[in-house]
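Asks: Same order as they appear, the protein sequences are chains A and B.
Residue 1 is where the first sequence starts when you use the numbering used here, and the numbers rise one by one after that.
Residue 1001 is where the second sequence starts when you use the numbering used here, and the numbers rise one by one after that.
Only pairs whose alpha carbons sit at most 27 Å apart, straight line, appear in this in silico DSS-like list of lysine-lysine: (1) A/Lys502 x B/Lys1106; (2) B/Lys1018 x A/Lys325; (3) A/Lys325 x B/Lys1013; (4) A/Lys517 x B/Lys1106; (5) B/Lys1089 x A/Lys502; (6) A/Lys411 x A/Lys134; (7) B/Lys1116 x A/Lys548; (8) B/Lys1089 x A/Lys517.
No wet-lab data here; the hints were simulated from the structure.
Residue strings, one per chain:
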Amino acid sequence: MPRKLTSADDLKSLQTRLAKSLDSGKPRISVCNGTACRPYGSNPVVEAFRATIENKGLQDRIDFKVTGCHGFCERGPIAVIEPGNIFYQKVKPEDVAEIIEKTALNNKIIDRLLFEEPSTKTRATSQASLSFYKGQSRVILGNNLKIDPTNIEDYIAIGGYSALSKALFQYQPSDIIEIVKKSGLRGRGGGGFPTGRKWESCRNAHGDIKYVIVNADEGDPGAYANEGLLTGNPHSVLEGLIIGAFAIGSHQGFIYVRNEYPLALKNITAAMEQAEKLGLLGKNILGSGFDFQVRVNRGGGAFICGESTALMASLEGKVGEPRAKYIHTVERGLWDRPSDLNNVETWANIPLIINNGPEWFNKIGSPSNTGTKIFSLTGKVNNTGLVEVPMGIKLRDIIFDIGGGIRGGKKFKAVQTGGPSGGCLPESLLDLPVDYDTLIKAGSMMGSGGMIVMDENNCMVDVARYFLSFLEEESCGKCVPCREGILRMRQLLNEITEGEGKESDLALLEEVCQCLKDSSLCQLGGSAPNPVLSTLKYFRDEYEEHIKLKKCRAGVCKALITFSIIEEKCPGCGQCVKACPSGAITFLGKRKPVLLDQSKCIKCRTCFDICKMGAVKIE
Amino acid sequence: MSDTVTVTINGNKYSAAKGEYVLQVARRHGIRIPTLCDHQNVEPYGACRLCIVEATSGGRTRIVTSCLYPAEEGLIIETDSPRVVRNRKMLLDLLYARCSENRVIKELAAEYGLEKPSFDPEYWTTEDCVVCGLCCRVCEQVVGVSAISLVNRGITKGPAAPYLESAQACIGCGSCYYACPTGAIRMEDKNGYRYIYNWNIKYKLQKCKVCGIEWAPVKQLEYIRKKWNLPEDFFDVCPNDR
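Let the sequences and hints guide you as you build the complete structure.
Replies: Following this line, the structure appears as C-alpha cells:
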C-alpha cells in the first residue's frame, strides 16, 4: 500500500506510476467473479487461473484480474482476454490451462468458448462485437472489467479519484453544483429529480450539520444494477459521494446497503478502509482541509427502506416507515437535518461528469434525459444481464438487439420496467424511447432499472396478481390505502384468476387504484396500482376472457385450464408417468397413449414441460 | 407580519401561522375534516388519510393530508371537492371491509353513502383496530413509557405488547383506551383489578382510605408519585376525598 497522499500532486504521481505498470503490454485476463457468476462456478475458475499461473511461473508474464460484474450474466463464468478483447463464456476450470496457453500466450482463439449469437448462429471473438454489448454505452459499468474492486490501486491507475482532486482544488462547491446541474443528471433511483438542484437545495438549507446518503437498498425483484456497481467498482460510488459531500457542505455520509448484498457490503467496506489509509477519506482529504467520514449501514430486509424517508428512519434506528415529504428531506431529513440522498448509480456518475465535463454528459442520451441508465434485463429474453444504455434508446433495441429477442422463438407479450410497481408495456409501445418522462406517460416508470420481459406464456392477470402479492407483503402497513387497498386488489385479482371474477370487479379495481395513486403516504402505495392499471389498459381483453369466458389464453391460471393427452401424438414413452407428482397419469403399455386422470391432476405443468412430442395439451 | 399567512379554504380566506398544519387552521375556523389518527396531544402521523384535502400551491394541485400539510401564503384548499370525496369514500370503503362491524367506521362510511363495503363479503373482517397508532403514540409521547408499539408490517401490522406477552412497562393508565378512536382497546376494572386485555395486563387498583373506591392502578400512582417526588401516602386518598 502506498503512503498517505497529502496533496493533489501526490495523487497525480501515484496515478502516473500505477498507469505505467498498467501499460506493461502483458496479456491481461479478467475473470468475472460477481454475484451472478459465482453460482455458475466462477470461484473454482478463478482458483484454477491462480494455480495454473503460479505453477507455470507466469506471474510476471500474465496480468490476471478478478473483477466484478461484466454484465452478461446469462453466460457466466466469463473471461475477457486482452489484447484482442476476446470474450469467453461458460468457462470451466478445465478450460483454464488452454486459455492461458493458447489465447493469453499465443493469441489463438478457442472456438468452443466463444459466444454464439442466437439470431445469426455466428461466433463473435471480441466482447465489443457481441450484439449484447454493441448497442450499449458502458460508461459506468465498463470500468468493472479493468479493475479488481478490492484494490484501490487499480481504480487509481485508471484515473480514479482524479475527479475528487479536481473538485477539491480547482472548483468551489458552487462550481460543482453548477456542473452537475448543467450535466442534466437526474436521480437514478427512479424518481428522476435533477441531482444538481437537489444538491443546491441541500447546500442552501439551514443548518451546520448536513448528511449525504447512498441508497443501496435495491429491493426490486430481479434488479441488481446497484449491486453490480457497488461490488464491481465501489470506489466510483465513494468518490462521487465525497465530491457530493464537498459540494453540499457535509462531513458525514452514510451508505445504506441491503443486507442481502454481502459482497457489495464487503467491497464497499474494504474500499472505504483503503481510501482512508490513502488520505482520500477522513480528515483533511488530500491535504485540502476538507473532512468527511462515511458509515456503512446494513438494511434489515424491508423493501420499504429503499424509500428515502423510511431509509432515514431506519438509519435513525427506528422502524423503517416513510413519512410525509411536504417538507423535503434536503431541508429536514436524517435526524431532522438537511440530508441529500442519491442512488448508487447517481453517485457513480459524478466522477465521470467532473472529469469529462457536463457537455460530454449532455451528448449521451436525449436532451432532458442525459447520460446512460443501467437496466437489469431479465425474463424471457435470450441474453439476460446488466445492460447500460444511453437514455432514450428504444425498448425494442434493448430487448431484441441487446437482449437477443425472445427465448425459444416465442412471441413477445409485454415488458415491465421499474420493478414490482412498474407497468407492463405491450408490443405496440416497443418503439418508445426509454426515459423518465415517456415511461411515466405510458403508465410505467424507470424505477431503479428492472426490466422484465414476458412472452405469450405469461398471463397478464396473473402477472399483476403476482406483483401485488409482493407489494402486499412489503407494504409497511402505515397508511390505509396501501395496507388495505393492495390486499383488496390482490383478492379481486385472485378471484379473477380463479374464474370467480365479476364484470363489476374491473371498475372496482380501477377505483381502488385511483385512491392509492392519490392518497397513499409514499410512492410504494402511490405506484402499486401501476401493474394493475397498465395491464388493464393494454391487456384488458385478457381480463375479460378470464371473467366472461373463464379462459386463460396463456395457460397459466390453474382454475381455468385443463391438461389432456393428444392420443395421436403420444408414443407411450412413460416419461410423464414418472414425472407426474400426483400419480394422475397411467401407463397403458408401449406404443399406447397414456391415460390422464383429471380428478388427480394438480395442473403443475410437469408433463407438459417434459413431453418432447408435444402430446400434452393445455386448454 | 411574515409569520402570518393567508390561506383559502373552500373559497374563504383565513389567516394562519406560517407552517401551522392545515387541519388545525380548518378546525379553528369550524371547518370539519374527518380524521381517525389525529389527536391534539400527539404529533400528526398521516396514517388514516381521511383528512385528505385538495391543495393548490405554485400552480400545482394535488391531494395532501391536511394533518401534515403546512400552511403557506396563497395556499388554496378544498376540503370536500369531488376528488377528495371520491378518495375519502374509497378509504372508508377499505376500512369498512376491514372493520365491518365497527360502529364508528360504519357511521363514517354512512356519511359517505356507503351502506356496506363494496368488496366481496367473503373477505370482510371484523377488526376494530384501524392501525392509526394512537395507542402507541400517546403511550410514548404523552405518558412517556412506550409500553406498546406497532409490530409487523403490511396487513398484519398492529399495536402489541413486546413479544406479544404482558406489557411490562405499562402503568395501566388507560390512555390508550381513551385515545383509541374506534374502541379497539378492551379495558375493564373489576374485583379490585384493572385489566387491559390487548396488552395482557392485570394491575391491582388502589383503594381510597376514606371512601373505599378503587380509583386507579397502584402501578400508575407509584409511577406518578416517583416522577413528581410526592410523599409516600399521597395517593392513599382519592381526589374526591382530599
